[in-house]
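Numbers -20 to -1, 1 to 128, taken from mature numbering (1 follows the signal peptide of the UniProt record, and there is no 0), label the letters of the sequence shown in order.
Hints are supplied without guarantee of correctness; some may be wrong.
What the hints assert, rightly or not - Straight line, CA to CA, 30 Å or less: simulated DSS-like cross-link-like pairs of lysine-lysine:
#1 K108 <-> K35
#2 K27 <-> K113
#3 K107 <-> K121
#4 K(-18) <-> K107
#5 K(-18) <-> K14
No lab work stands behind these hints: they were computed from the structure. The structure displayed is predicted, hence computed values, not measured ones.
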Amino acid sequence: MLKTIIGCFLLFLATGISYAQDETSKQEIIELSKTKWQWMADKEADKLAELFDEKAVFVHMGGSWGKEQEVNIIRSGGIWYKKADIHEVSVEIIDNTAILLNRITLIAEVGGNEVTNPFEVTEVYIKKAEGWKLGSLSFTKLMGFGDQ
């Protein structure tokens, strides 16, 4: 009986510790995502290059590509992510992977034209030895501002 009680207590304790670690990781990812949006607005291509995993993929309305092209587009101003107004954010942690969903209104300059679009943005982060790396950034355009 004592073994059962001790076993249940240890299981409860481990679950609590795991939950606290997940909550800490979720907050870390939310802050990292906010920082990423600011780096994108400031065209901090070198900082973004450090954040993006070498195998990262980026999905936009106009196509999809890898890290090098995304960094070059930001560096050249081909897409200038001027401001991301974040309306909702959620994070789920699965093992060493974090999936963040942002519902945003994005003000950007694309090919010299300023555009404003509502998006659901999916960001996938992978925990590596050197910290969290962005593995995927995908924009899904919402049908209208009323969807926010």
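Tested hints:
no.	hint	in the structure
1	K108 <-> K35	holds, 13 Å
2	K27 <-> K113	holds, 12 Å
3	K107 <-> K121	holds, 28 Å
4	K(-18) <-> K107	violated, 36 Å
5	K(-18) <-> K14	violated, 46 Å
Violation of the numbered hints given earlier is confined to hints 4 and 5; the remaining hints are satisfied by the structure.
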